[in-house]
Amino acid sequence: MMEPGLYHILFISTALFFIGMYGFFTRRNLITMLMSIELILNSVNLNFIAFNKYVWAGKMDGLFFTLFIIAIAAAEAAVGIAIIINLYRSHQSIDVASAEELKY
Amino acid sequence: MNEFFLLMKSELMVTAIIFLLLFIKVGKGMQNERLLPLIQLLLLLNVIFGFFFNQEGNAFGDMFHSTPMIVFEKNILNVGVYLISMLFSDWFKKTAHLAEYFLLMLSALLGMFFMLSSANMLMFYLALELASIPVAAMANFNLTQKQSSEAAMKMILSAAFSSGILLFGISLIYGVTGTINFEELSNYTTLSPLYTMAFIFLFSAFAFKLSVVPFHFWTADVYEGAPIATTSFLSVISKAAVAFILITVLYKVFQPLQNIWYVLVLLLAFITIVIGNLFAMRQQNMKRFLAYSSIAQVGFILVGISGSNTTGISSVVYFLLVYVFSNLAAFGVVSVISEQVNKESISDYKGLYQTNPLLTWVLALSLFSLAGVPPTAGFFGKFFLLTAGGAKASYAFMIVVVLNMVISLYYYLKVVRAMFIDQNETPIAAIQISAPVKLALIICSAGILLIGLFGWIFDFIQSLN
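Chain order of the listed sequences is Z and L.
FYI, this note's numbering numbers position 76 of the first sequence as 76, with every residue one higher than the one before it.
FYI, this note's numbering numbers position 267 of the second sequence as 267, with every residue one higher than the one before it.
Keep in mind that a hint or two might mislead.
With the C-beta cut set under 7 Å, the calculated list includes, among others, these residues of chain L facing chain Z [as the list claims (entries may be wrong)]: (1) Ala96; (2) His97; (3) Ile156; (4) Phe168; (5) Ile180; (6) Glu184.
Source of the hints: derived by calculation from the structure; they are not laboratory data.
Positions of the beta carbon are idealized from the N, C-alpha and C atoms, including for glycine.
Turn these sequences into a full structure, and let the hints steer you where they fit.
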């Protein structure tokens, strides 16, 4: 059996990134959109870890960056969900289509 | 040790104010009438303190970095925040959570300070998040209004998405070069397609934050829905901070990629100016109008950045200094009127001169400055930007840019005409302006007029390079 190498992981992370992007653009539910953003952030985490392990084993910047991304993603999700809850209170829905008062 | 404190004095000062507010909030609490003057006083002290004890150097293993230029940029942001605290006094007094609002605003300001001083991608990313997440919460501050929560939703989603793109770019940069330090990155001269792609990811995230045209869709909605104090913070302070750091990133970190980013910046500048102008023409709501006009202004900033010389840096800093005063004055007048009579449409402003001469003059002055009409400082700002950009760009491009300045004059003057010339049976009634608002409006007008007259200001900025 073949050992997974850098390219396999990079393929997965890039795929995850674009799946997240696709989800962000097509889904109409706000929670799902937040989940898509988490997918994007996790693909970045994978990238950092893979580069750190296979290419720059001596330079730990990638590993530290991952830790910070996880923490910030949690903060972002917290504020995001608070905003979505407030939106639900005023609109009675978390569908993007319901929030369409501001248009040009 | 002493040096360390002086190096981080702006950050420490803002942190001290944040903690003081926090203690007041969790302690006995204070009435808005008493708390607001205290906050204004603290912010004034913050502004004054910014001009003393400047220190140059690095800290935290070269993650933090400060120069006289960076300190000056921080001072511009400080002045802007102080003016915001004065201009929107009426709204602040009515809001139920005044201390929290300033906690969020000052946290975002702290994030911007760290962002300006960052010399490392990790530091930069953390600071950028600190500067953008609280602003989304600030956009939601009219809790019961549908529009406000919609604006906040759009803001947080686009901020999170753009930081995802930014991070993907940074991860590729790390993969190619093995470092996230600005200094080491600027020495990395071997160009590869992957590195270029990483740069393009990074640059699109910047374009999101600056609301450059293909990435501008969130801007007008957020500006219209958010409380007007938040809108002005977003369009003046956030934008200025991102523009400042964009200069550092492009000029220093991606110096080797100069040929690539020059084309990108020029192209985006062109689209941004044209689309921003075209959309600004058809707006009826004052806040949306100012949103699109600020998009067009970003296009001019990009023209200045494309010059890629020391004039480029100083012209952008000078322009943003002027922009802080002129845009805040415009938002201040719009806020006073919408707060008192709840009218935001341009057609409501007809005949404003008969009833409110002071407001009319301030708004007209700020719009002239935004349009770049000679006696005001905005003219010199635009002039220096075009001089910087013209050093490299072709004449054809500069002619298009100047023509767009003329087009922008059309829609700015449309508002001025509505206020001065158009007849209206029932103009907005005479409005009582409270003392702090009046003072802030006068400071803004004085800034607009005087910065243009004193030539040494530009020389001073140039000497900081």
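Checked hints:
1. Ala96: violated, 14 Å
2. His97: violated, 13 Å
3. Ile156: Cβ of Ile156/L sits 5 Å from chain Z, so the hint holds.
4. Phe168: At 5 Å from the nearest chain Z Cβ, Phe168/L passes the 7 Å test, so the hint holds.
5. Ile180: holds, 5 Å
6. Glu184: Violated: closest Cβ of chain Z sits about 10 Å from Glu184/L, beyond 7 Å.
In terms of the numbered hints stated before, the structure departs from hints 1, 2 and 6, listed from lowest to highest.
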